[in-house]
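Trainee: Converting from the sequence shown to the numbering used here requires adding 18 to each position, the first position being numbered 1.
A portion of the hints provided could be inaccurate.
Derived CB-CB ranges, DEER-like [to be verified]:
id	residue 1	residue 2	range
1	P57	Q108	42 to 52 Å
2	G140	Q116	31 to 41 Å
3	G106	S31	32 to 42 Å
4	V28	K105	40 to 50 Å
Listed next, the in silico PhoX-like pairs over lysine-lysine satisfying Cα-Cα at most 25 Å (straight line) [said to hold, decoys possible]:
id	residue 1	residue 2
5	K91	K109
6	K105	K88
7	K105	K91
It should be emphasised that the hints constitute simulated quantities derived from the structure, not laboratory data. Positions of the beta carbon are idealized from the N, C-alpha and C atoms, including for glycine.
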Amino acid sequence: MVESLSLQLVFASSSLHEQMTAYLTRALTRDGFVSVTPPMLNFLSILECGVNYASDIARNLGVSRQMVAKTVKELCHLGYLEQIDGKGRQKMIRFTEQGEHLISSARQYLAQLDDVIGQSLGDHALAEMIDAMQTVNGLAQET
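Turn these sequences into a full structure, and let the hints guide you.
Mentor: In structure tokens:
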């Protein structure tokens, strides 16, 4: 049986994503950030630094506004996000100071990971790999 290279790429990229989010989760938990999980980090990673709205988040993630509301409520309870009354019934969603510290720490850990990967593969090879993956992503969207 012929093994699909596309399937291998899907599995490899999925595994890489899981490993990186698990690494971040462990590191942030060691730093004292409570209840950090890979899905939570995925959710927080798509938020803008300023004001966010549930409808925009839902559209970007491809999930319902109810799912976003549930997740935001949990993250508010944990102290990473806050909701502020906005226009009409819409609430503005933004990072708290603790949430900003969480994201800042995550970026520092990712920068350290960049250094490790760059030393192993070389910065140029890493940049080429990123470009290739972005190209494949674009091709998959067109298909």
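Trainee: Now look at each hint and say whether the structure bears it out.
Mentor: Going down the list of hints, with the structure as the test:
no.: 1; hint: P57 x Q108: 42 to 52 Å; verdict: violated (24 Å)
no.: 2; hint: G140 x Q116: 31 to 41 Å; verdict: holds (37 Å)
no.: 3; hint: G106 x S31: 32 to 42 Å; verdict: holds (40 Å)
no.: 4; hint: V28 x K105: 40 to 50 Å; verdict: holds (41 Å)
no.: 5; hint: K91 x K109; verdict: holds (12 Å)
no.: 6; hint: K105 x K88; verdict: holds (20 Å)
no.: 7; hint: K105 x K91; verdict: holds (19 Å)
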